[in-house]
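Colleague: One-letter residues, chain by chain:
2 protein chains.
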Amino acid sequence: MESSTAPNVVGPRQYRNNEKMIAVGDRGWLRAAEDGLIGIKVDFDSNNRLIDTAHNHEFMVLCSCSYLGLNHHPKILQGAIDALKECGTTSLSLSTVRIRPNLLVRLEEELSSLYGGPALLGASCSALSSGILPLIASGHLTEDGKPRVMVFDRFCHFSMAYIKPICGDESLTLTSPHNDLNFIEDVCKKYPRVAYVADGAYSMGGLTALEGLLQLQERYGLFLYFDDSHSLSIAGKNGEGYVRSRMKMNPLTLIVASMAKAFGTSGGVAMLGSDKIFDFVNRNGGPLAWSQNMQIPSIGASLASIALHRSPELGQLQAKLQRNIALFDKEFPTKTAGNGMPVRLLPVGEEEKAVRLSKELYKRGYYCSAVFFPIVAKGEAGVRLMLRADMEEEQVLAFCATVKDIVANF
Amino acid sequence: MESSTAPNVVGPRQYRNNEKMIAVGDRGWLRAAEDGLIGIKVDFDSNNRLIDTAHNHEFMVLCSCSYLGLNHHPKILQGAIDALKECGTTSLSLSTVRIRPNLLVRLEEELSSLYGGPALLGASCSALSSGILPLIASGHLTEDGKPRVMVFDRFCHFSMAYIKPICGDESLTLTSPHNDLNFIEDVCKKYPRVAYVADGAYSMGGLTALEGLLQLQERYGLFLYFDDSHSLSIAGKNGEGYVRSRMKMNPLTLIVASMAKAFGTSGGVAMLGSDKIFDFVNRNGGPLAWSQNMQIPSIGASLASIALHRSPELGQLQAKLQRNIALFDKEFPTKTAGNGMPVRLLPVGEEEKAVRLSKELYKRGYYCSAVFFPIVAKGEAGVRLMLRADMEEEQVLAFCATVKDIVANF
Numbered sequence: 001m002e003s004s005t006a007p008n009v010v011g012p013r014q015y016r017n018n019e020k021m022i023a024v025g026d027r028g029w030l031r032a033a034e035d036g037l038i039g040i041k042v043d044f045d046s047n048n049r050l051i052d053t054a055h056n057h058e059f060m061v062l063c064s065c066s067y068l069g070l071n072h073h074p075k076i077l078q079g080a081i082d083a084l085k086e087c088g089t090t091s092l093s094l095s096t097v098r099i100r101p102n103l104l105v106r107l108e109e110e111l112s113s114l115y116g117g118p119a120l121l122g123a124s125c126s127a128l129s130s131g132i133l134p135l136i137a138s139g140h141l142t143e144d145g146k147p148r149v150m151v152f153d154r155f156c157h158f159s160m161a162y163i164k165p166i167c168g169d170e171s172l173t174l175t176s177p178h179n180d181l182n183f184i185e186d187v188c189k190k191y192p193r194v195a196y197v198a199d200g201a202y203s204m205g206g207l208t209a210l211e212g213l214l215q216l217q218e219r220y221g222l223f224l225y226f227d228d229s230h231s232l233s234i235a236g237k238n239g240e241g242y243v244r245s246r247m248k249m250n251p252l253t254l255i256v257a258s259m260a261k262a263f264g265t266s267g268g269v270a271m272l273g274s275d276k277i278f279d280f281v282n283r284n285g286g287p288l289a290w291s292q293n294m295q296i297p298s299i300g301a302s303l304a305s306i307a308l309h310r311s312p313e314l315g316q317l318q319a320k321l322q323r324n325i326a327l328f329d330k331e332f333p334t335k336t337a338g339n340g341m342p343v344r345l346l347p348v349g350e351e352e353k354a355v356r357l358s359k360e361l362y363k364r365g366y367y368c369s370a371v372f373f374p375i376v377a378k379g380e381a382g383v384r385l386m387l388r389a390d391m392e393e394e395q396v397l398a399f400c401a402t403v404k405d406i407v408a409n410f
Numbered sequence: 001m002e003s004s005t006a007p008n009v010v011g012p013r014q015y016r017n018n019e020k021m022i023a024v025g026d027r028g029w030l031r032a033a034e035d036g037l038i039g040i041k042v043d044f045d046s047n048n049r050l051i052d053t054a055h056n057h058e059f060m061v062l063c064s065c066s067y068l069g070l071n072h073h074p075k076i077l078q079g080a081i082d083a084l085k086e087c088g089t090t091s092l093s094l095s096t097v098r099i100r101p102n103l104l105v106r107l108e109e110e111l112s113s114l115y116g117g118p119a120l121l122g123a124s125c126s127a128l129s130s131g132i133l134p135l136i137a138s139g140h141l142t143e144d145g146k147p148r149v150m151v152f153d154r155f156c157h158f159s160m161a162y163i164k165p166i167c168g169d170e171s172l173t174l175t176s177p178h179n180d181l182n183f184i185e186d187v188c189k190k191y192p193r194v195a196y197v198a199d200g201a202y203s204m205g206g207l208t209a210l211e212g213l214l215q216l217q218e219r220y221g222l223f224l225y226f227d228d229s230h231s232l233s234i235a236g237k238n239g240e241g242y243v244r245s246r247m248k249m250n251p252l253t254l255i256v257a258s259m260a261k262a263f264g265t266s267g268g269v270a271m272l273g274s275d276k277i278f279d280f281v282n283r284n285g286g287p288l289a290w291s292q293n294m295q296i297p298s299i300g301a302s303l304a305s306i307a308l309h310r311s312p313e314l315g316q317l318q319a320k321l322q323r324n325i326a327l328f329d330k331e332f333p334t335k336t337a338g339n340g341m342p343v344r345l346l347p348v349g350e351e352e353k354a355v356r357l358s359k360e361l362y363k364r365g366y367y368c369s370a371v372f373f374p375i376v377a378k379g380e381a382g383v384r385l386m387l388r389a390d391m392e393e394e395q396v397l398a399f400c401a402t403v404k405d406i407v408a409n410f
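So the protein lines, in turn, are chains A and B.
Counting in full-length UniProt numbering, the first sequence runs from 1 upward without gaps.
Counting in full-length UniProt numbering, the second sequence runs from 1 upward without gaps.
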């Protein structure tokens, strides 16, 4: 038996609190589990159809980040196969700081050329954030070498928010209200060196306040770190993403993005402001120096994806996606309508309704996830959905009609 | 200009200190860079030969963790190709909490059967540690649900040490001297709930103090978390690794391992003590619930690797590796000789000698890395090397003779 004077071991809970977060988060998951909406086991049919094999139920998935449908593009699959055959190995199983397969070097070179600046690869986008953010906090990626105050946007992706306690051990780490330029400017006025950590395109459909941030960068030397995973390949002439297509790279900006979404393969890419940073991060990026990096099939698939990015097909797919987004926005003019991003939150009011909508949609052949408090405000529960280029016009319209039909009968 | 009264933003540096660590670590990397021993760009030839294409220099790599040579096994390469063709996609690009490809489910089932207990998959072993360790700290993986004091072995792999500040925000987090059972027992006496975080087989060649730890587990209910990446596939009848082959799973033990080393593919596997933990971690494992998980080629390669694990070939490869280790240990009876692990530290004395040895070895066709203070004690610098099953007897002997020849001429 534990005595009542047992020492208290609970941490400071300065940046996280599992007790609180999991109580809330797991409620959502268990709710979805009750309705059979998690742990669905599927076969991939073709295009965007999946088959729930346990129930022989075919459905369209509207929660996949493969916004251009490149995850099932024949040329990308063939790229993976060709690389396996050419290299004769799945990976070298060693640190790529020491030894780099030429195919990986080629991929870095082609991505650098595609995005116009040094590109560093990681096993995933979260591995890149894990490796890079603490180096920004400790001042190792900026000229003066001094620690920076880290300001994380309250809505930045979990993969970055997760790193807060690590950055917090290196330097003062704060959380800002979402897109709150005044808050960030106040921090810049108070401290000489500040970095702001945010998504470029947010996973709930919104965008970063880029223009205002660039002004703060010019005025105060604000370092900007963006995870632009949700817009890579879908925005910009070369698919360089929302942020990169709207700014020139500079030594005070760093963009990371997942290649496992619209790009169609796996791994993560960091767009850097200088070659010097490339070498330094490569050597001292912690998780980036461990022995698991991009595997040969993923490198091959990525080279094939770059070839597609350089062909007219990219523009065609981007246009098709934009057509589908516009079709949806016309039917449902939500808050983020017109911003060109494929993620949409469709509010229906109370949590109960959101859960019923998501359940009924699945029954009728569409998988979207219900979102409710605390992900969105109370009374603004709804479903989150992701549009894709590999949906035909009539599929988008049929989906919209189905949602309307269900909601009308609530 | 910054005023001398500028506010101090340096973090508490309770668990890490980039300023100090990078000064030391980068010195090592830059030293290796000077000698052309990092950033080598290679093609994979066959077996364990690499070609430094810039210098047309062929060499044997002795820093690869593919201890059984499975990374270039034709059946594993074919497994990846078959899965791509069968599934027609590189991945579904969505959270596997929601929707799981049947091929991933099959892999989980086969690994569960191979290792005798629930197996959970992650995009990498470090993603598993990132997801699981904070849940142990906050008490979410143990029956009583109360926070645990986290004791990290001083030598545990960076991928776990990295998580210290995150665990430290949830509960009291300590670092123990290496394999120090007395230290751990003292913590167990002071606190009712403790978890110990360690490698099974260490990346520098040693082993965990398993027997003593199991006694502490029985006596104090100590939770044991092992990363056994370096022994997976090479130890145990089914390749279940050093720790798992010496103990029965129980709810107070959790083993993670990388599949990108001897297993020959990529991703990470967690061996869990109960199905209940599987479901909970799957839903609340943070990084494990994000949309990047094992890709289809890696799943296919892994299924092929399991088939090999179930055939007599596994035993043959394990035996060949053990023969090579024994050959080496006979020539160089180092501290860890006889422990059956493939990683060896070959001490030569001063740092200068270690660097020269590594450089000269590379010239003569072998890549091993020099290690020196602070990785090893002063005066015990040397080279670190990894033996493999895909080395012939004469290759091991030729390597040993080369080392002796170089050292004799120092």
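FYI, nobody ran anything at the bench for these hints, they're computed from the structure.
Given the structure is predicted, the values throughout are model-derived calculations rather than measurements.
Be aware that a few hints might be false.
Chain copies aren't distinguished; within one or between two, either way the pair holds.
Claimed, not checked - Heads up, simulated DSBU-like pairs for lysine-lysine below, C-alpha to C-alpha not over 35 Å straight-line:
(1) K359 x K85
(2) K248 x K41
(3) K41 x K75
(4) K276 x K20
(5) K363 x K248
(6) K335 x K404
(7) K320 x K20
(8) K335 x K189
(9) K75 x K353
(10) K41 x K330
(11) K237 x K20
(12) K276 x K320
(13) K85 x K41
(14) K237 x K378
(15) K248 x K85
(16) K335 x K353
(17) K378 x K20
(18) K330 x K320
(19) K20 x K248
(20) K359 x K330
(21) K363 x K237
Colleague: Hint by hint, say whether it matches the structure.
Modeller: How the hints compare with the structure:
1. K359 x K85: Classified as between: cross-chain Cα gap 32 Å, same-chain 44 Å, threshold 35 Å.
2. K248 x K41: Classified as between; 30 Å across copies, 44 Å inside a copy.
3. K41 x K75: both (26 Å within a copy, 26 Å between copies)
4. K276 x K20: Classified as between: cross-chain Cα gap 20 Å, same-chain 42 Å, threshold 35 Å.
5. K363 x K248: neither (47 Å within a copy, 43 Å between copies)
6. K335 x K404: within (18 Å within a copy, 72 Å between copies)
7. K320 x K20: neither (42 Å within a copy, 51 Å between copies)
8. K335 x K189: For K335 and K189, only the intra-copy Cα distance (32 Å) is at most 35 Å; the inter-copy one is 57 Å.
9. K75 x K353: Cα proximity of K75 and K353: none, with 42 Å in one copy and 50 Å across.
10. K41 x K330: Classified as within; 33 Å inside a copy, 52 Å across copies.
11. K237 x K20: neither (43 Å within a copy, 43 Å between copies)
12. K276 x K320: Intra 39 Å, inter 44 Å, cutoff 35 Å: neither.
13. K85 x K41: Close inside one copy (30 Å) and across copies (19 Å); limit 35 Å.
14. K237 x K378: So K237 and K378 fail the 35 Å test inside a copy (39 Å) and across (55 Å) alike.
15. K248 x K85: neither (38 Å within a copy, 40 Å between copies)
16. K335 x K353: within (19 Å within a copy, 66 Å between copies)
17. K378 x K20: within (18 Å within a copy, 47 Å between copies)
18. K330 x K320: within (15 Å within a copy, 66 Å between copies)
19. K20 x K248: between (41 Å within a copy, 33 Å between copies)
20. K359 x K330: Intra 24 Å, inter 66 Å, cutoff 35 Å: intra-copy only.
21. K363 x K237: Neither way: K363 and K237 sit 39 Å apart in one copy and 46 Å across, limit 35 Å.
Checked against the numbered hints above, the structure breaks hints 5, 7, 9, 11, 12, 14, 15, 21 and satisfies the rest.
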